[in-house]
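This is what each chain is made of:
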Amino acid sequence: MSVRVLLPNAFTKHTEGKKEIQSNAANLNDLLTDIETEFPQLKTHLRDEQGQVRRFINFYVNEEDIRFLGNEKYTFKDGDEVLVIPSIAGGSCSCCSYCGQEDCTCC
Amino acid sequence: MAIAYELQCRECGKRYENAPLSICEACFSPLEVQCDLEAARKDFTREKIAQGPDSMWRYKALLPVPEEYVGPTPSGWTPLLRAPRLAKRIGANNLYIKNDAVCTPTLSFKDRVVSVALAAAQTFGFDTVGCSSTGNLANAVAAHAARLGFKTYILVPADLEPAKILNTQVYGAKLVRIDGNYDHVNRLCSQIADRYNWGFVNVNLRPYYAEGSKTVGYEIAEQLGWRLPDNIVCPMAGGSLITKIKKAFKELVELGLVEDKEVRFFGAQATGCSPISVAVKTGADHIEPQKPNTIARSLAIGNPADGVYAARAIRNSGGWAEDVSDVEIVSAIQELAETEGVFTETAGGVTTAVTARLYAHGRIKPDELTVSVITGNGLKTTDALAGVYEVEEPVRPRLTDFEAYFERQKATLGIEELEAIAGGASVR
Chain Y
1 MSVRVLLPNA
11 FTKHTEGKKE
21 IQSNAANLND
31 LLTDIETEFP
41 QLKTHLRDEQ
51 GQVRRFINFY
61 VNEEDIRFLG
71 NEKYTFKDGD
81 EVLVIPSIAG
91 GSCSCCSYCG
101 QEDCTCC
Chain X
1001 MAIAYELQCR
1011 ECGKRYENAP
1021 LSICEACFSP
1031 LEVQCDLEAA
1041 RKDFTREKIA
1051 QGPDSMWRYK
1061 ALLPVPEEYV
1071 GPTPSGWTPL
1081 LRAPRLAKRI
1091 GANNLYIKND
1101 AVCTPTLSFK
1111 DRVVSVALAA
1121 AQTFGFDTVG
1131 CSSTGNLANA
1141 VAAHAARLGF
1151 KTYILVPADL
1161 EPAKILNTQV
1171 YGAKLVRIDG
1181 NYDHVNRLCS
1191 QIADRYNWGF
1201 VNVNLRPYYA
1211 EGSKTVGYEI
1221 AEQLGWRLPD
1231 NIVCPMAGGS
1241 LITKIKKAFK
1251 ELVELGLVED
1261 KEVRFFGAQA
1271 TGCSPISVAV
1281 KTGADHIEPQ
1291 KPNTIARSLA
1301 IGNPADGVYA
1311 ARAIRNSGGW
1321 AEDVSDVEIV
1331 SAIQELAETE
1341 GVFTETAGGV
1351 TTAVTARLYA
1361 HGRIKPDELT
1371 VSVITGNGLK
1381 TTDALAGVYE
1391 VEEPVRPRLT
1401 DFEAYFERQK
1411 ATLGIEELEA
1421 IAGGASVR
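Residue numbers (our numbering), protein chains in the order written: chain Y, 1 to 107; chain X, 1001 to 1428.
Just so you know, the hints here were simulated from the structure itself, not pulled from any lab data. Even glycine gets a Cβ: it sits at the ideal position worked out from N, Cα and C.
List time: in silico EDC-like cross-link candidates among lysine to aspartate or glutamate, alpha-carbon distance up to 20 Å:
(1) Y/K19 x X/E1025
(2) Y/K73 x X/E1288
(3) Y/K19 x Y/E63
Partial list, computed: chain X residues near chain Y (C-beta under 8 Å):
(4) A1026
(5) R1187
(6) S1190
(7) D1194
(8) H1286
(9) P1289
Chain X on its own, in the form it takes in the complex (with noise of 0.2 Å):
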């Protein structure tokens, strides 16, 4: 069977058969994956995938990779969570969260893209893989290239969190710090991708690598019985994903497995790196790159490759996009934490945060179904919250000591609490 997907220009056309390029040669704009729908139709059934592993694998005829092929990593398929306590906060009434802050190996939704990239490294007979990363990528390609047997060279800025690092380390990856913000890094591997025959995942296996991205969007749909939702709201780093998660919409229509549907999407950024952000709000048709200055490092991309595509995306869908501060985003951490026992890294803060806006804006009524795509773990960025919770003097072993201890809390009590405290934890 011949191989149904190959590479096009998405700005000139031009077709390239498979390959570790990611630059059209005519017209040096992006090319990515084009796969052949008629090709899926017969084996991309709702039968059939019901009948596949519990994996993003699948939706295996929807992804660039070889038809006998088989994920040697099950991510994916993580939970759609219904919020009813967040939607409450927030004023929603029809809230859910895809959680991908529990997808696997490596806790974030880059464990989705990495499996794809490397698949396609393994197709090109790559002995070196490595990327270029704000560091969920980093832990993805680290724990996969290890599983896959691959030499890994990873570059990333040199200011990244503690644990992203350790995370990278621990699987034996080579791991570059590079002297300046994730843009400086990103052009470098550009750079070395031309010089060296490394497959870099998202510089020369990027086409492969973003077609990953369309399971989170394969996920939603049928986690809902096969429906797509009213609205999606989702990080926007590069912007890729977001775009993706519409092209996988746009595929379950054509193939029929859904009900078309006009879903809208909203973006989200920190307003310390927001050129996405600002594109969709000011109406532009090209991104101002900025210098990001926000604690949601993951996402703190100043020019992103996709931003174009991600701000049409949204406009075209009749969606907005939203960035918040510093301070909202670890509010936001804390608020799906307390309310519905996810614990999310800064991304999936800036999510959260631009959700609740969007209700409190009116942007999205109470009633729609909307999504909120959590990308990625808070035990990742514990630093986020560092001074948030003070650490209280250990009280000694003894229930008098207790007791004490129990009363001074009342004390420190708002009514609401005491009340709760009154009516479900009385002392015998």
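Same shape as in the complex, but just chain Y (with noise of 0.2 Å):
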């Protein structure tokens, strides 16, 4: 069984230019474990310090967010296609721009 995992450009300054890998990933916490074991230098960036995947990172699954299948609960079927992308935002910050802190009540 494989599914075909889909990168954005953003990860490919930690991934030596892939933006595609084959994975025999079970599910979506076996995924990150086969993600972060090709590509070592990308853990620390995909997670944050507390260990959990940043919260703007998303995963499809043949296009349906995974969070709509029970996200880890989901289990890849072969030939699944998976994409990884993170949010594009633009709004106002949660450090903030102009006290510096985490959660200012600023802005």
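Put the two chains together into one complex, using the hints given.
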């Protein structure tokens, strides 16, 4: 069983330019392990200080947001195509532009 | 002079030179523009702004465009209307409407963001631009790109309102209908922007694009006589506008143009697509994506990019978010048109209905100075009103026929309307 994983350009600095891998992962957690094994440099960028996958990174399976499919409970099927896409936002910041504090109340 | 703005990661703070880039390469979080307020201080005074053009470019000193840039499309500087008749209807005493239904050239606030995004596209040397859109952005990109001479690819959900499709194609833009909802379209655009060297205004140019929304906030403050309102009620799709109005107010305070004041921000969504409203109501620090099902297609973004930031901005301000049904949206479109002569699209119906509810629930007090932000024009979504008004039989062009018609009308009117006729339209 194999799934095709497409990585965004934003990752390529940490993947030696590779934009695609094949994985035998059964679920999202296994897939993350696979990606991090293949690209060890990516790990510190992919996860925050608590080891959680950063919240702006989204996973899609065959055009469907994996959160609609059960997230880590979803079992990949042979031939699934997994897209990894960071959110693109443009509003205000969480670390404040002015006071520099995370979760500040001034902006 | 050094350019007085640059990109910065909103999460880890890493700084970047200006480039068509929207994702931090260190933590994959969104980038935003940081303008150098100190550099802008000398040009961003009440006097200099007043001498500027009657468009959003009067605030150029705080927009991420080169100093010598001359905006070729005079968007913005839309009316801030006192709304006494709507206010009376919904129990308010001090209500204003920021009317971007008449923002030019394409009759929505998206003309503001596109003005800034395409200035950036020119700076970066793109020859092709595009966007993913729920309609208004498509119209704006197509029109501005035509004027600036860009080639244009615009991707929209296939079920978009016919008027919004026509209002894009007429400018010569290549419109690509995608068999999916906005979130599918947006995702595809992220991949296309990775593959092709195109300037997508809301993907790789998004940090610049988003800054254009600040001009709504600058204008509200200036049009109120350089003061801030008590409350802002703002529609939410991706969630960017509400945070940028807040950022604009903050900048005005920093520069001493207005007195500091706690402004409360209220977000408006349709119940059929309410991920940000739900997050505010439940106190969640994340957005649960939804599959949109509402007539307010311009707000139908189930996985809003700025949702987390919008929810946080609302909560930190002491505001709230509400969502309303499609039936309420249609009624509110009619109510705003009937009371204030402003015909808005479905998003404006959402904002108006939510404004009414906020007063009804006591979240906004009648005397507080409140601005309801209307972002688009009703001529683009006339299908939302399909079947609302019956087509009457034509009257023969004879006075006796009209009199008979008028008698039939009177028979169907209520007491209040009859009294109005008796007092006002006497027959000679």
